[in-house]
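A.B. asks: Below are the chains, spelled out letter by letter.
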Amino acid sequence: MGVRPGVSPSARATVFPPAIPRPAAAVKAKSSAPTKLWAAIFWTAILFVYTYTLWLMLRIVLQYTSLRPDVAFLEIKQDYIDIPGYRLAFFTHVFSSGFVLLAAYSQFSAKLRRIPGLHKWLGRLYAYIVIFLAGPTGLFIGFFANGGISSRIAFCLLAVLWVSFTILALLKMRARQVQDHARWMVRSYALALSAITLRAWKVAIIALFHPHPMDVYRIVAWLGWVGNLIAAELLILYLFRRRARPTPKTRAQLLPTEVHL
Amino acid sequence: MIRVTLLVGLIAALASCNKPSAPQANAAMPKSAEVSAAAVSPESASAPQVTKVNASPAESGATQDKQNIAPDAKPVASSDQRLGYYVGYFEATEEDDAKDPMYSNKINVSIDSISGDTVTGHSVCAGNNRPFSGTLKQGKDGVFDLVLKEPGDDKSDGVFTCNLDPKARTLKGEWVANDKKAAVTKRSYELAYTTFKYNPRQVLGSIGEAEVYGGKMSRRGKIEAITDDAGKYNASVRVLKSHDVENMYKRDLEVMRNTIYARHGYSFRNRAMRDFFDNYVEWYVPVSTDVSHELTDVEKKNIELLKRYEDHASTYYDRFGR
Chain H
13 MGVRPGVSPS
23 ARATVFPPAI
33 PRPAAAVKAK
43 SSAPTKLWAA
53 IFWTAILFVY
63 TYTLWLMLRI
73 VLQYTSLRPD
83 VAFLEIKQDY
93 IDIPGYRLAF
103 FTHVFSSGFV
113 LLAAYSQFSA
123 KLRRIPGLHK
133 WLGRLYAYIV
143 IFLAGPTGLF
153 IGFFANGGIS
163 SRIAFCLLAV
173 LWVSFTILAL
183 LKMRARQVQD
193 HARWMVRSYA
203 LALSAITLRA
213 WKVAIIALFH
223 PHPMDVYRIV
233 AWLGWVGNLI
243 AAELLILYLF
253 RRRARPTPKT
263 RAQLLPTEVH
273 L
Chain A
108 MIRVTLLVGL
118 IAALASCNKP
128 SAPQANAAMP
138 KSAEVSAAAV
148 SPESASAPQV
158 TKVNASPAES
168 GATQDKQNIA
178 PDAKPVASSD
188 QRLGYYVGYF
198 EATEEDDAKD
208 PMYSNKINVS
218 IDSISGDTVT
228 GHSVCAGNNR
238 PFSGTLKQGK
248 DGVFDLVLKE
258 PGDDKSDGVF
268 TCNLDPKART
278 LKGEWVANDK
288 KAAVTKRSYE
298 LAYTTFKYNP
308 RQVLGSIGEA
318 EVYGGKMSRR
328 GKIEAITDDA
338 GKYNASVRVL
348 KSHDVENMYK
358 RDLEVMRNTI
368 YARHGYSFRN
378 RAMRDFFDNY
388 VEWYVPVSTD
398 VSHELTDVEK
408 KNIELLKRYE
418 DHASTYYDRF
428 GR
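Note that the protein sequences, when read in sequence, are chains H and A.
As numbered in this note's numbering, the first sequence has no gaps in its residue numbers, which increase by one up to the final residue, 273.
As numbered in this note's numbering, the second sequence has no gaps in its residue numbers, which increase by one up to the final residue, 429.
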């Protein structure tokens, strides 16, 4: 599965999912003017909501800039706060993971990906932060998660999968398997977003059912990322649906170089 | 365009269910950082007027001079059947509803000494400890008529007019506020002689669901309640661990912590706590407005832990953040 013939590296990454030769009919059917307008409104709205959510996350991260051992969440982590490395791991996790959430802006935008090197270098930054900082520290503090064995398994598994998916995405890119790279990145980012979804589920569940605080924590420790992974798989199916059912003609064209699924 | 933000967007839409513009819960609340067991004030942090529990003896002495608070003098053991604590409900009979009155409080009227026709004592009620002095007259059937005046230098002062029955050991009568514009200008009471001794083994027993005075109403129209969890552990006896308390509601934690103070006879200023202990806890007797120097080491430790979880719960329980 080498480089696709006739596709230059810069052209390769200009759309998401990565460009593949499409049957002419599919391209034609794609865009009428009103559809385009609605799509633009839709994506703009989503960008705004995401930005607002990041603003909320930023406020959470900023609470911890004092580095005090009893701030916010650490208020109820006093049993673990003196474990060697816990504080270092916790604060590293908070600040590095917060940063990682910005990657959506540049990495999933087809337009921004046209800028030479931007996708590559910011992508590496994302991957290295996840693999070396946010992921391992997440695993470490996951061992001491509140809510007992169930939430500990949830958070540790989340960290392991997050690092694994990110490494896979990186390796796929190295191997120039762009679509696989995209697939694994969607999965990796879905897990990164669990920082947001976990909190969103919490708010929703508490507003609806008013459960005990640690009960809801045990639930969202799983729901926060398993839900995202399911959504990610559905999204991958949707994004790559054209490839799943190519016309006989294109299939014949694609087979030699493209089929690696 | 940015198709993957579909996922992001769904997620963010969910996140926006959160109430972002909600004010920072209780800005006035001390962050637990500063809260050492010693400095934790009883009741809830949202009651700013709460007396600091750990006022040093010197400090509390000064306060007492200034506010003319009677020392928590225990009545001298005496053969005089008239002396002692008279405890019961202090119920409003004339009030101004517009001023948010508290209709009923548990009061402890302590008759400390009687010499000739002079009576001195103090009353403890709603976080106030006020001295009084007055006169006593022999009435019919061995009952005494008392007129007891509070000093008048506090806005809550007034005059008790009551009958003391030394046989039945009851004190009944009326109280009239000096301040005619107070929320409650007249109260009546029928108090019974009561003794008090700190007993760390006192427990709350079954609560069921006690509605919180002034509690928040949920979206389903249910008022915040105190549950049986509040009495799950005796925080005066057992050293609590994080996992004992981490799954408890904020109000239950608050009640568990304040039960420590209640065992010592602390009189609550905070209305929610006062309402609960006055009305749901039979053994509770208000005897003092400062019990800080009577807390045991176990109690201090538990107060610190519980306060930390309370603060955390009130700031973060239903919010997006943390």
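If you're looking for bench data, these hints aren't it; they were derived computationally from the structure.
Don't take each hint at face value.
What the hints assert, rightly or not - Some chain A residues judged to face chain H by a derived CB distance under 10 Å, without partners named: (1) G338; (2) N341; (3) R345; (4) V346; (5) K348; (6) R426.
Unchecked claim - Away from chain H, derived, C-beta distances all over 10 Å, residues of chain A: (7) A199; (8) E202; (9) K206; (10) L243; (11) F303; (12) R326; (13) E353; (14) G428.
We put the CB at the ideal spot given by N, CA and C, even for glycine.
A.B. asks: State for each hint whether it applies.
C.D. replies: Structure-based check of each hint:
With its C-beta approaching chain H no nearer than about 16 Å, A/G338 sits outside the 10 Å limit, and its interface hint is violated. Using the Cβ-Cβ criterion of 10 Å, the hint placing A/N341 at the interface with chain H is not satisfied: the shortest such distance is roughly 20 Å. A least Cβ separation of about 17 Å between A/R345 and chain H goes past the 10 Å threshold, and the interface hint is therefore violated. The criterion of a C-beta within 10 Å of any C-beta in chain H is not met by A/V346, whose closest approach is roughly 13 Å, and the hint is violated.
Checking A/K348 against chain H by beta carbon gives a least distance of about 8 Å; that is within 10 Å, so the hint holds. With a least beta-carbon distance of about 7 Å to chain H, the hint placing A/R426 at the interface is held under the 10 Å criterion. A/A199, annotated as away from the interface, keeps every beta carbon of chain H farther than 10 Å; the closest lies near 33 Å. No beta-carbon of chain H comes within 10 Å of the beta-carbon of A/E202; the shortest separation is about 34 Å.
The Cβ of A/K206 sits about 32 Å from the closest Cβ of chain H, beyond the 10 Å cut-off, so the non-interface label holds. Even its closest Cβ contact with chain H, about 54 Å, leaves A/L243 beyond 10 Å, as expected for a residue assigned away from the interface. Listed as outside the interface, A/F303 is consistent with that label: its C-beta sits roughly 35 Å from the nearest C-beta of chain H, beyond the 10 Å cut-off. With a least CB separation of 7 Å from chain H, A/R326 falls inside the 10 Å interface cut-off, contrary to its annotation.
The Cβ of A/E353 does not lie farther than 10 Å from every Cβ of chain H; its closest approach is about 5 Å, which violates its non-interface assignment. Not every Cβ of chain H is farther than 10 Å from the Cβ of A/G428; the closest lies at roughly 5 Å, contradicting the non-interface assignment.
Of the numbered hints listed earlier, those contradicted by the structure are 1, 2, 3, 4, 12, 13 and 14.
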